[in-house]
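There are 2 protein chains.
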Amino acid sequence: MTPFSTRLTVDLGERSYPIEIGAGTLGGLGARMKRLGVGGRRVFVVSDTNVAPLYAAEATRSLQEAGYTATFMAIRAGEESKSLETLEGLYVFLLDGGVSRSNAIVALGGGVVGDLAGFAAATILRGIDFVQVPTTLVSMVDSSVGGKTGINHAKGKNLIGAFWQPRLVLADTDSLRTLPRGELVSGMGEVIKHGVIRDAAYFEFLEKDIDRILALEPEAIGRVVEGSCRIKAAVVAADERETAGVREHLNFGHTIGHALESVAGYGSFRHGEAVAIGMVAAGRLALRRALWPQADQDRLERLIERAGLPVRIPRALAQNSAALLQAMRIDKKVRDGALRFVLPERIGAVRIAGDITDKEVRSALEEAAA
Amino acid sequence: MTPFSTRLTVDLGERSYPIEIGAGTLGGLGARMKRLGVGGRRVFVVSDTNVAPLYAAEATRSLQEAGYTATFMAIRAGEESKSLETLEGLYVFLLDGGVSRSNAIVALGGGVVGDLAGFAAATILRGIDFVQVPTTLVSMVDSSVGGKTGINHAKGKNLIGAFWQPRLVLADTDSLRTLPRGELVSGMGEVIKHGVIRDAAYFEFLEKDIDRILALEPEAIGRVVEGSCRIKAAVVAADERETAGVREHLNFGHTIGHALESVAGYGSFRHGEAVAIGMVAAGRLALRRALWPQADQDRLERLIERAGLPVRIPRALAQNSAALLQAMRIDKKVRDGALRFVLPERIGAVRIAGDITDKEVRSALEEAAA
Chain Y
1 MTPFSTRLTV
11 DLGERSYPIE
21 IGAGTLGGLG
31 ARMKRLGVGG
41 RRVFVVSDTN
51 VAPLYAAEAT
61 RSLQEAGYTA
71 TFMAIRAGEE
81 SKSLETLEGL
91 YVFLLDGGVS
101 RSNAIVALGG
111 GVVGDLAGFA
121 AATILRGIDF
131 VQVPTTLVSM
141 VDSSVGGKTG
151 INHAKGKNLI
161 GAFWQPRLVL
171 ADTDSLRTLP
181 RGELVSGMGE
191 VIKHGVIRDA
201 AYFEFLEKDI
211 DRILALEPEA
221 IGRVVEGSCR
231 IKAAVVAADE
241 RETAGVREHL
251 NFGHTIGHAL
261 ESVAGYGSFR
271 HGEAVAIGMV
281 AAGRLALRRA
291 LWPQADQDRL
301 ERLIERAGLP
311 VRIPRALAQN
321 SAALLQAMRI
331 DKKVRDGALR
341 FVLPERIGAV
351 RIAGDITDKE
361 VRSALEEAAA
Chain B
1 MTPFSTRLTV
11 DLGERSYPIE
21 IGAGTLGGLG
31 ARMKRLGVGG
41 RRVFVVSDTN
51 VAPLYAAEAT
61 RSLQEAGYTA
71 TFMAIRAGEE
81 SKSLETLEGL
91 YVFLLDGGVS
101 RSNAIVALGG
111 GVVGDLAGFA
121 AATILRGIDF
131 VQVPTTLVSM
141 VDSSVGGKTG
151 INHAKGKNLI
161 GAFWQPRLVL
171 ADTDSLRTLP
181 RGELVSGMGE
191 VIKHGVIRDA
201 AYFEFLEKDI
211 DRILALEPEA
221 IGRVVEGSCR
231 IKAAVVAADE
241 RETAGVREHL
251 NFGHTIGHAL
261 ESVAGYGSFR
271 HGEAVAIGMV
281 AAGRLALRRA
291 LWPQADQDRL
301 ERLIERAGLP
311 VRIPRALAQN
321 SAALLQAMRI
331 DKKVRDGALR
341 FVLPERIGAV
351 RIAGDITDKE
361 VRSALEEAAA
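Residue numbers (the working numbering), protein chains in the order written: chain Y, 1 to 370; chain B, 1 to 370.
Okay, chain Y solo, but in the shape it has when bound (with noise of 0.2 Å):
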């Protein structure tokens, strides 16, 4: 049987970009890097101290086949690296190796491997050719694709950084199986909020084979990250800089998520625990205004628990309303003061709320208390 394989094309004119999905593709990374003529001679690998052990040896050698000159560098895993810190020794790294404009950065890893290598690529030399290898799933279904990149600050998650698209994006969906089972299932609360803000036909296939997905067979976690970064694709092509109000949908859970993170401390959650809470509280938003059905949250919550995610707030920190809804605000999300939801009017389909108030935000967390 040949490995389940497919290509995507995000589109956005002269920025535009292939996305590569399969089983066993890091091997012909190089090779695809020369097709399209992205980094000269020269390419500088970034990974991450958990993921360079597994895969760089292998993504360094397809460079050096393709004819590349490769150098590497791993900095320390973990969500603390998208510091400006780690930042100023990614730069001190490329220009050590003499980096030039013709050069590329490769980011081999997950999403803070990806933001952070990404705003690199963005603001060395005012911007090279960059390469997202996401190893992965939430890296694969969402942050490899769509051109955010960036650091976290101290008053925030992501408040300094840029827009700097890929020229492309590798998703060997084989890393999967050296994945830890906690970030996999974290990476199912991105892969499930595709599902609710745009597909219901695509939330029915996770409805339906979510055991096979978990269990990484080829073809199911296969069309996983092929649905969500079609759903991504798509997104960002309508709205690439989240000025349409399009783009702005992907935020779906993740205005009460972040705040979670961030006022529970940076590593309490993993990201995708933290939206698929935030999704249950935006839906609890929906359910109190009669937006969307009793139904389809009972869906959303089942699904969420078979992934293996939370779907209730520690009780302890939804009484913290006042330093959640803080965070909230500091969230580049809201615009001069008004609070901004995405809200779910069915599986499927989603809606911008502008005038949310403290309030509902608090019943909400209130009733997603565990």
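Derived from the structure by calculation, the hints contain no laboratory data.
Hints should not be assumed to be uniformly reliable.
[To be verified] Taking beta-carbon pairs under 10 Å as the criterion, some of the chain Y residues facing chain B (in silico):
(1) A56
(2) A122
(3) G150
(4) W164
By construction, the Cβ of each residue, glycine as well, lies at the ideal position given by its N, Cα and C atoms.
Assemble the complex: chain Y is given as a structure, and chain B must be docked to it using the hints.
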């Protein structure tokens, strides 16, 4: 007599923006921004410790009269402020002020303020609106137009940055009256460069009116800002991201100029002084290849001298050719190892030479030494 004023446009499709030039235009800043729909309700003004005492009150008043809430910060004057550390301070200023994506940053000052505040605008919340209010000659005729923003690194100038176009450039030529003489003279380096690379008639105007220009006779200095901005705007419109080989012409005098600044230590030369010497040395390279006439080299050196700028490299520095060559190699204009220079062909035209040897550079440095 009506004060001199004029308006140009930088033509970049949806990123096009006006340049307003004139005596006494600062008081109209807020109204012009409002007409362009820039900044939402809140504007963050970034200036420095030299310029703030002179013009911050007028700028802030103009913004408030137009209905903006204006928040103000002054960085320490000087090239040392183009650092990650000062940038981090700007991020805190913006985030403490509750910056949202609809807000704008106004850079009120010279090139350091514009480059730094522009890079902050490019990277806070992945990019917000930005207005340039240049108060020095070099920033009026060069750095405020074209969207180059960034900071320095220990390894060289402007190695970290982004292309981020302003929404408006407003140059009040009255502010040049408070500029130290040496800074005014420094600005003439870029002005003379514009004549050499693109416009023989403009160069002749400079030869004819240099004394009235340096005396800040309003129409003469207004025509200088207008003429240089027109040339810069045309070059930028043809090659926004320096990928088409056109914008590279603006680097005339800068390959050696940047190396001089780097090796002598930032602050030893004013930028325009280093560029002036760099143009003389690039002219020597062209002379040695018989690419341009001795008569034009003489006109170039004569105009530079009449403007009060240096034409010779201090001997001790010229003799350190190894360090200068190394600095040229780290400079971002070097692609995969080859030294590239912009060489003059005649007053009004330049070409790229990608095959300059170290030996030629050493000879040119020697000839240009004091």
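Okay, the hints, checked on the actual structure:
1. A56: violated, 24 Å
2. A122: Holds, because the Cβ-Cβ distance from A122 of chain Y to chain B comes to roughly 7 Å (cut-off 10 Å).
3. G150: Cβ of G150 of chain Y sits 6 Å from chain B, so the hint holds.
4. W164: For W164 of chain Y, the interface hint holds, since the closest Cβ of chain B sits about 9 Å away, which is under 10 Å.
In this structure, only the earlier hint numbered 1 is contradicted, and the remaining ones agree with it.
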